[in-house]
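Chains A and B, in that order, give the protein sequences. Residue 140 in the numbering used here sits at position 140 of the first sequence; the count goes up by one each step and never skips. Residue 190 in the numbering used here sits at position 190 of the second sequence; the count goes up by one each step and never skips.
Just so you know, the hints here were simulated from the structure itself, not pulled from any lab data. Only a predicted model underlies this, so the values are computations on that prediction, with no experimental measurement involved. Every residue gets a Cβ at the ideal spot worked out from N, C-alpha and C, and that includes glycine. Hints should not be assumed to be uniformly reliable.
Label-pair distances were calculated between CB atoms; the ranges are [what the hints assert, rightly or not]:
#: 1; chain 1: B; residue 1: Ile141; chain 2: A; residue 2: Gly189; range: 27 to 35 Å
#: 2; chain 1: B; residue 1: Ala31; chain 2: A; residue 2: Ser34; range: 53 to 61 Å
#: 3; chain 1: A; residue 1: Lys91; chain 2: B; residue 2: Gln168; range: 38 to 46 Å
#: 4; chain 1: A; residue 1: Leu85; chain 2: B; residue 2: Ser211; range: 17 to 25 Å
#: 5; chain 1: B; residue 1: Leu159; chain 2: A; residue 2: Lys91; range: 49 to 57 Å
#: 6; chain 1: B; residue 1: Val37; chain 2: A; residue 2: Leu85; range: 30 to 38 Å
#: 7; chain 1: A; residue 1: Ser84; chain 2: B; residue 2: Lys171; range: 56 to 64 Å
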Amino acid sequence: MSVQSGKFVGLIGPNGAGKSSLLRLIYGKNKLTSGELSIQQTPVENYSRKSLAQKIAVVLQEPDTQFELSVHDVIRMGLTPNKSLLSFDSKDDHAAIVRAAIQVDMEDKLSQPFNSLSGGEKQRTIIARAILQTPEILLMDEPTNHLDVRHQIEVLELAKKMGITVVVSIHDLNLAASYCDSLILLSKGKIVAQGSVEEVLTEEQIESVFNVRAKVDRHPFNQKIRISFDMASNIKHSEVME
Amino acid sequence: MEVMNASQTQNSRASYASKAFDFRFSAYLLAALFLLVFSVIFATGSGSIELSSQQVFDALFVCSQGAVGCDISAVNYQILWEIRLPRIIMAMITGAGLSASGAILQSVTRNPLADPYLFGISSGASLGAVIVMAAISSAIISITAGALIGGALSVVLMLALAGKSATQVEKLLLSGVAVSFMLSAFTSLTLYYSSPETAASLLYWMMGSFSNSQWSELGLPIITLFLGVATFFLYRRWLVVMQAGDESAITLGIPVHRLRLGMLIVCSAITAVLVAHVGGIGFVGLMIPHISRFIVGAQVHRVLLMSLVIGASFMVWVDVVARSLLEHQVLPVGVVTSAMGSLFFFIILKRRTRS
């Protein structure tokens with residue numbers, strides 16, 4: 001697989017397909033055991049942890065902090081890859097923290113405890129931290145999980161606005177179809193299909209990978225690909241459950 | 001244009017909030033420093049021979065050697081300089097060192113219950129010191145060497161026991177607890193096989209005391225504490241990020257496992273040197289970071305600074321209580337801290353249950 005610079009790429013596939021594992025390989029959490037992975041023509045193993053963090057920002061499902069960190073504290077962490085150990089925060093750094101908070105509409109909550117935020121606010125805070133990292137690539141691991149539809153859209157809009165390469169693993173196929181320039185479909189640790197949304201999200205491929213019958217057509221609002229699932233095909237399963 | 005103005009207003013509002021918080025932190029820190037100065041002056045004056053604050057001040061800053069030209073007798077002058085001050089300074093270093101170690105261990109493990117005791121560092125240092133005292137000599141340099149070896153042994157054992165899981169905090173903590181119990185058992189065994197006189201003096205030592213503090217013994221604890229705290233401050237940026245969890249810290253470029261191990265080693269060194277000098281004093285490393293975090297929030301450098309100052313004051317007061325609670329008798333410091341620690345956690349439990 002290859003990801004073109006500046007594109008918004010979605011990783012889709014059923015649970016356990018290897019989406020998160022693939023992202024972990026890219027951001028250096030897991031080591032490659034075979035194959036090659038290069039970022040801008042340089043093998044990923046040639047990057048130090050710090051230089052990788054200068055290039056790649058990651059938005060994860062952030063766990064609650066044991067200690068009460070404020071929103072300001074969490075966003076400020078984004079300065080870390082670009083700062084030396086001995087350095088202090090400058091006035092510019094403080095201004096950059098506030099600017100990042102303004103970009104995600106969290107400037108009024110800078111002094112609030114991170115743990116007290118809603119799911120959407122937490123994700124926005126982590127995106128502000130990613131903005132402060134000034135990366136060239138943004139990786140997001142299921143950033144829309146547990147969010148209502150408005151906040152799902154909000155999170156993906158913010159990522160898109162950053163204008164950099166984004167690779168996002170996502171479960172909601174309609175959301176993926178709306179936001180991604182291209183998709184990579186994974187199943188059991190292998191790439192099943194990759195390419196444009198139209199090429200990847202076909203009825204046959206969805207059925208073979210997700211084991212669910214689906215109808216693919218165009219959405220009347222924006223002409224993007226729309227997937228409707230055939231609930232009748234799940235009746236058997238529901239009966240078994242009863 | 002309007003948008004720019006709005007964001008500028010927000011910008012200044014947010015930076016105002018941040019400045020206000022900085023001011024609050026500075027105010028708290030200053031108050032804690034005043035408390036420390038007051039504590040030291042009070043502790044210097046109190047004891048079996050009471051000295052007024054004027055006498056303490058004169059002896060510290062006005063009189064020349066031998067209390068010439070001051071309203072303090074030569075004997076009291078000597079008590080103050082040769083007995084009380086080294087004792088108070090040792091108490092300050094111990095309180096500051098154990099509290100700072102606790103604050104750092106809690107932050108790198110993201111566990112509010114982590115402290116030098118939970119990781120088995122104190123038990124290792126105690127075992128090393130006890131073996132040296134029982135079998136070799138009670139010179140401070142050999143006790144310190146024994147405690148350092150014991151502390152190092154506990155870290156090695158903990159890592160060996162955790163094996164590949166040492167990268168996971170929970171497993172590391174569990175193996176720390178296991179090592180702690182194992183080494184405590186060996187300490188008890190050493191006590192069991194010691195002569196009654198030796199066992200009695202070892203038991204007293206294990207409960208913690210500042211009674212034997214002398215100027216000549218303060219050098220190593222001061223240097224260790226200074227180097228340790230300097231290391232903590234050097235890595236403060238990384239230590240804050242560790243609080244977001246291992247996975248996030250890795251994405252921000254932090255060598256998580258190396259940092260945790262490095263901090264564990266520094267905390268072990270501080271704890272071992274302190275244990276060698278004053279014996280086992282529990283709960284301080286657990287309690288003071290909690291109080292500090294409650295006052296100044298979770299930023300590591302703030303918690304660290306506050307823990308150092310509050311820990312120092314706390315230990316000075318504990319020593320005052322230990323000296324003055326019973327007439328003509330000095331209680332072991334460890335007994336006082338443990339009693340206060342259990343009370344403290346009972347209060348926290350009540351507060352949490354209520355909220």
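Task: Hint check, failures only - done: 1, 4, 5 and 7
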